[in-house]
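Asker: Sequence:
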Amino acid sequence: MVVDVYTVEGKVKGQIELNETIFNAKINDVLIYELIKAANANLRQGTHDTRERSDVSGGGAKPWRQKGTGRARQGSIRAPQWKGGGVVFGPHPRNYRIELPKGIKQEAYRSLLSLKYKEGAVKVVEDFSVKSGKTKDIASIAKKLNVKKGVLITDSEDTMLKRAIRNIPWFVYNNVKRLSSRDIFYTQTVIITESAAKIINSKYAKGE
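According to numbering that gives the first Met the number 0, the stretch in the sequence shown is residues 0 to 207, in order.
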């Protein structure tokens, strides 16, 4: 399938072939859900922790004798029912990471990119760079491309482009080698450079 290629001025300069198996595939909502769930889980640090009764200091002595006081029997002031006592079934450090099989991940990305294409959210632009590294320059380009909330996908790591874009809360930068499913899913416009589109055409093709 053929789509228009835009200049940074927002004008059509030519066309490019996009792989139909990637941008016009059958959308699998379950796989997209699994992809986003994995991305969310992998952001979690998992460093949460609580102290159980054996971890809380003090409480070695029995607070009062077993019988004869009229009060309920107690063995330690660090039991869970006491103020300052240990926590029952509280969270402990754990690894939340989810690794999807390569084939599932590829299929999920095909569904996600197809979803965005069918929403009319995919736009291919000519390869460009922002040598100044200034936010105002990339903001001007985004305005000409009619981007109100978007993700820019390039073919390689561009330090100056990354620097220019990082101060814009509604615009994020992605390298095609490390696509963020969250960035693509939650955005309104997916801007792909020509070179990045060619890499996507081969990287996410069926059988790769």
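Since the hints were made in silico from the structure, they are not lab data.
The model shown is predicted, which means the values in this text are computed figures rather than measured ones.
Don't take every hint at face value.
Cut-off 27 Å, straight-line C-alpha distance, at most; resulting in silico cross-link-like pairs (BS3-like, lysine-lysine) [stated by the list, open to error]:
(1) LYS12 - LYS133
(2) LYS130 - LYS143
(3) LYS161 - LYS133
Asker: A separate judgement is required for each hint: does it hold in the structure or not?
Answerer: Hints and how they fare:
1. LYS12 - LYS133: Answer holds: LYS12 to LYS133 is near 25 Å, not above 27 Å.
2. LYS130 - LYS143: 18 Å, holds
3. LYS161 - LYS133: 10 Å, holds
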